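Visitor: Sequence order for the protein chains is C and B.
Okay, so the first sequence: first residue is 1 according to this note's numbering, each after it adds one.
Okay, so the second sequence: first residue is 1 according to this note's numbering, each after it adds one.
Derived from the structure by calculation, the hints contain no laboratory data.
One or more of the hints may lead you astray.
Unchecked claim - List of simulated lysine to any residue pairs, SDA-like, C-alpha gap at most 20 Å:
#	chain 1	residue 1	chain 2	residue 2
1	C	K11	B	D398
2	B	K392	C	V82
3	B	K215	B	M80
4	C	K142	B	M80
5	B	K12	C	I104
6	C	K142	B	L397
7	C	K73	B	L397
8	C	K73	B	I400
9	B	K8	C	I117
As the list claims (entries may be wrong) - Listed next, the stretches of chain B that the computed footprint assigns to chain C, with coverage defined by at least 3 CB atoms under 8 Å from CB atoms of chain C:
#	region
10	9-19
11	316-330
12	347-358
Since we're looking at a predicted model, the values are computed, not measured.
Quick reminder that beta carbons are idealized off the backbone N, C-alpha and C, glycines included.
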Amino acid sequence: MKKVIELQNIKRDFVVGDETVHALRGVSFDISEGEFVTIMGASGSGKSTMLNILGCLDTPTSGEYLLDSIPVKTMSKSQRAVLRNRKIGFVFQNYNLLPKSTAIENVELPLMYNSGIGGTERRSRAIEALKAVGLGDRLNHKSNQMSGGQMQRVAIARALVNNPSVILADEATGNLDTRTSFEILVLLQKLHAEGRTIIFVTHNPDIALYSSRNIRLRDGHIIEDTVNTDIQSAEKTLASLPVSEDD
Amino acid sequence: MNWTNLFKIALKAIANNKTRAFLTMLGIIIGVAAVITMIAIGQGAKQSIQKEISSMGSNIIMIHPGGDRRGGVRLSADEMQTLKIEDYEALRNECIYVTALSPNVSAAGQLISGNNNYPASVSGVGTEYLKIRQLEIADGEMFTEHEVKSSAKVCVIGKTIVDNLFPDGRNPIGETIRINQVPLRVVGVLEAKGYNSMGMDQDEIVLAPYTTVMKRLLAVTYLQGIFASAISEDMTDYATDEIEEILRRQHRLKEDEPDDFMIRSQQELSEMMDTTTNILTTLLACIAGISLLVGGIGIMNIMYVSVTERTREIGLRMSVGARGIDILVQFLIEAILISITGGIIGIIFGGTICACVNWLANWPVSIQTWSVVLSFVVCTVTGVFFGWYPAKKAAALDPIDALRYE
Chain C
1 MKKVIELQNI KRDFVVGDET VHALRGVSFD ISEGEFVTIM GASGSGKSTM LNILGCLDTP
61 TSGEYLLDSI PVKTMSKSQR AVLRNRKIGF VFQNYNLLPK STAIENVELP LMYNSGIGGT
121 ERRSRAIEAL KAVGLGDRLN HKSNQMSGGQ MQRVAIARAL VNNPSVILAD EATGNLDTRT
181 SFEILVLLQK LHAEGRTIIF VTHNPDIALY SSRNIRLRDG HIIEDTVNTD IQSAEKTLAS
241 LPVSEDD
Chain B
1 MNWTNLFKIA LKAIANNKTR AFLTMLGIII GVAAVITMIA IGQGAKQSIQ KEISSMGSNI
61 IMIHPGGDRR GGVRLSADEM QTLKIEDYEA LRNECIYVTA LSPNVSAAGQ LISGNNNYPA
121 SVSGVGTEYL KIRQLEIADG EMFTEHEVKS SAKVCVIGKT IVDNLFPDGR NPIGETIRIN
181 QVPLRVVGVL EAKGYNSMGM DQDEIVLAPY TTVMKRLLAV TYLQGIFASA ISEDMTDYAT
241 DEIEEILRRQ HRLKEDEPDD FMIRSQQELS EMMDTTTNIL TTLLACIAGI SLLVGGIGIM
301 NIMYVSVTER TREIGLRMSV GARGIDILVQ FLIEAILISI TGGIIGIIFG GTICACVNWL
361 ANWPVSIQTW SVVLSFVVCT VTGVFFGWYP AKKAAALDPI DALRYE
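The shape of chain C in the complex, shown without the other chains:
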């Protein structure tokens, strides 16, 4: 399998006042194409820092990070922006959609910053991505007219639209109720089944049951890295959930 992500002895220090905080103290692992990895840990374990580094939003203090065999550490800010645009899809806990914009405008956003893609292609790809997350009938709904689950689907469509090497989800189900969380998990599992590489950062240990691999962090170290041989189906769990009275 092709390696999408290679981390070699990554360290990240923050200077807060006079103190230096070691958020990551030498982390190494590889992620291959098609894996669905959950990264877990309590608050302060370094998982957010890890996600920012993986997403090229932040650079490590030392160590080497290769994304699709491209070394990220020496890149300038603009180069990293272009890399994010082409190789990474983000899904955030609080959705981070453009306010007052339609679903399709939100999904088109990453492609707007890619001058290689024309207007027609941009639109058809955005529609395709929205259909893939089951929002084909809500293309022109504005973000403030949608429920949390729908907004997160738009965010996932936005993460898919540039056909990235890896989808990075940061507590993507953190703001959603159990039922909607499982709907999102079903969607992620479906994308995984289609061969996407997904990294899901969360503090919820249950989600590890549905991923193919689980990495556990504590105090900036990896304490556990296990392959899940018995992947649960989110769809089945969803079906077994009691139907809520609101629906």
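Position chain B against the provided structure of chain C, taking the given hints into account.
Guide: Leaving out everything else, chain B in the frame of chain C:
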């Protein structure tokens, strides 16, 4: 760099938040309109004050004969005969800083009409005399150039003369009054002017063609004086120099000979004019400065706040792959669009306010091109700068920090 897309993004961002865009624009609209209106009202006031002062005759230049000496005795100007009709004609043909010119001769006597009489002096003048002294005809008309040439026996009289010679309220036009046995037909009555600052009755006046007074009343060939009016107050000095040069040449005076005439201007009035103008100009500059400052600070604040509150949006855009430069260009386009639109609306708005002030309050207003250009440039530049500067700061942030910005 994909300009088309960035332009679309900027337009979309404005369209998606019309209230914010409008409020931002409002800062610029008010800034520009305030400056234009304040300056227009100030300038209008300045011009109307200037007009008031000039109507007092601040640009009048008086030329009298003088400097002549006979056996060590200085003579009164009236008795000197150095100013001739030819001098008047030379000035008339050659002066370029002078707009109106009139000779002056006067004859004193008792005016008689029917059984009324009044002591007065008749001023022999040219047709431009009215313009020089800012006099207006109330009834009838001024005698014509033709009547001047033919030494016609006509006159124009002031209100005091009318009241004394025609106390029964008869229309004096067409009536004949006599002075020193010469009958003069009244062709016009002057607008009343009242007393001047020296307590002299300015309505006790009889004007007749200077040719008539010289030939029929005085039988002289020289002038007692020449009145001129400079193009404007500040041109009075040039006009004076010009007149001096022409008269010296006319009188064939050598380098070392003193002038045989005197030129006087209304120095006191023109000094008052200068002082007033200077004060008003300073006042206007202060108004413009303060308006621009207030407008500029308003624009600065609203731009700064509206861009700063979008830090999260900037973070989001960067996380999906916008580079710092993409963010900057987008915000710059937005700031330019908003500032220029606001500036144009501000100009229209300012013009409308000026028209309303002029129409409702009847104040004189005068819109100045420089104030339009200055306010537009200052406000749009401020708008663009303070749209760009916080965007630059936000674009320099790490995307994560921008995303977490509260």
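Visitor: When you check the alpha-carbon spacing of K142 of chain C and M80 of chain B, does it fall within 20 Å?
Guide: Violated, at roughly 97 Å.
Visitor: Starting from K11 of chain C, check that the Cα of D398 of chain B is at most 20 Å away, please.
Guide: With a Cα-Cα distance of about 18 Å, the restraint between K11 of chain C and D398 of chain B holds, given a limit of 20 Å.
Visitor: Does the structure keep K73 of chain C and I400 of chain B at a Cα separation of 20 Å or less?
Guide: Roughly 17 Å separates the two Cα atoms, so the pair holds.
Visitor: Do three or more residues of the region 9-19 of chain B come closer than 8 Å to chain C, measuring C-beta to C-beta?
Guide: holds (count 4)
Visitor: Using a Cβ cutoff of 8 Å, are there at least 3 residues of the region 316-330 of chain B near chain C, or does the coverage claim fail?
Guide: With 11 residues in contact (Cβ-Cβ under 8 Å with chain C), the coverage given for the region 316-330 of chain B holds.
Visitor: Between the alpha carbons of K392 of chain B and V82 of chain C, is the straight-line distance 20 Å or under?
Guide: Status holds; Cα separation ~18 Å.
Visitor: Assess, step by step, whether the Cα of K12 of chain B is no farther than 20 Å from the Cα of I104 of chain C, and give holds or violated.
Guide: OK: K12 of chain B and I104 of chain C at ~13 Å, within 20 Å.
Visitor: Taking only the CA atoms, is the gap from K73 of chain C to L397 of chain B under or equal to 20 Å?
Guide: Measuring from Cα to Cα gives roughly 18 Å; hence the hint holds.
Visitor: For the pair supplied as a hint, K215 of chain B and M80 of chain B, confirm whether the alpha-carbon distance does not exceed 20 Å.
Guide: Holds. K215 of chain B to M80 of chain B sits at ~17 Å (cutoff 20 Å).
Visitor: With the threshold set at 20 Å, check whether the alpha-carbon distance from K8 of chain B to I117 of chain C stays at or below it.
Guide: Holds, at about 14 Å.
Visitor: Holds or violated: the region 347-358 of chain B covered by chain C, criterion of 3 or more residues with Cβ-Cβ distance under 8 Å?
Guide: Contact hint for the region 347-358 of chain B vs chain C: violated, 0 residues under 8 Å.
Visitor: Does K142 of chain C pair with L397 of chain B here, judged by a C-alpha cut-off of 20 Å?
Guide: This hinted pair is violated, its Cα atoms lying about 28 Å apart.
The structure does not agree with the numbered hints 4, 6, 12 stated previously, though it agrees with the rest.
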